[in-house]
Amino acid sequence: LAKTTQPISMDSYEGQEVNITCSHNNIATNDYITWYQQFPSQGPRFIIQGYKTKVTNEVASLFIPADRKSSTLSLPRVSLSDTAVYYCLVGDMGTGRRALTFGSGTRLQVQP
Amino acid sequence: GAVVSQHPSWVICKSGTSVKIECRSLDFQATTMFWYRQFPKQSLMLMATSNEGSKATYEQGVEKDKFLINHASLTLSTLTVTSAHPEDSSFYICSAIEGPGDTEAFFGQGTRLTVV
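From first to last, the protein sequence lines stand for chains W and G. Take the first sequence: its letter number 82 is residue 82 in my numbering, and every next letter is one higher. Numbers given in my numbering equal positions in the second sequence, counted from 1, plus 1000.
Since the hints were derived computationally from the structure, they do not count as laboratory data. Any given hint could be a false lead.
Quick list of the computed label-pair ranges, beta carbon to beta carbon [unchecked claim]:
| id | chain 1 | residue 1 | chain 2 | residue 2 | range |
| --- | --- | --- | --- | --- | --- |
| 1 | G | 1099 | W | 26 | 22 to 30 Å |
| 2 | G | 1057 | W | 26 | 19 to 27 Å |
| 3 | W | 29 | G | 1083 | 41 to 49 Å |
Quick list of in silico lysine to aspartate or glutamate cross-link-like pairs, EDC-like style, CA-CA up to 20 Å [claimed, not checked]:
| id | chain 1 | residue 1 | chain 2 | residue 2 |
| --- | --- | --- | --- | --- |
| 4 | W | 3 | G | 1098 |
| 5 | G | 1064 | G | 1104 |
| 6 | W | 3 | W | 67 |
| 7 | W | 52 | G | 1104 |
| 8 | W | 52 | G | 1102 |
Quantities reported herein were computed from a predicted structural model and do not represent experimental measurements. Note that the Cβ used here is the ideal one computed from N, Cα and C, for glycine as well.
Just chain W, with the same shape it has in the complex:
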């Protein structure tokens, strides 16, 4: 399984754009990149998923360069409620081992 590396923590202010980059140098051809958000004492919540290039949904954008060895989660105009831990996961859900392995995550603190 591809190992991921993320910053342990980040600080931001309300209204700013936050970009969290994840490194996954040994990503395999069949692997997808998925980001989850977790609040204290809650299960992870799916944010966005991509395979290559750029993906955008109503809450975030995911940028994946051509070599796919890294990815960047972009949160536009964060608010206090975006304070959480963000996990980048890489895995192949379609065949073989399908469990998602969690790395250390990035603890985002949004200040007023």
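Fit chain G to the known structure of chain W by using the hints.
Just chain G now, kept in the frame of chain W:
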């Protein structure tokens, strides 16, 4: 998105007793379910993978006789912590995948277990 529900949300039990945690997929059939454990300020650690109708596959270091997993149907998996001890106190989370080829896992809200 699909909903995965865990029950109970929290439980307190005495040392030496057993506790069962249920994980249900409410609006889809889950071919595979996963159980994680999370200690305070730490990441989720995969405990086991279970497929409906077959034995669970445990991660290295996880005692299968202590953490009994039963995936009896496509919508229900249970984790039983047997002879619980205070060191088993943790946050237990399940997740589920609907079918082969699906790339999104849906997570339950978690169960806080406290062994006293």
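In rising order, the numbers of the hints this structure does not comply with: 4, 5
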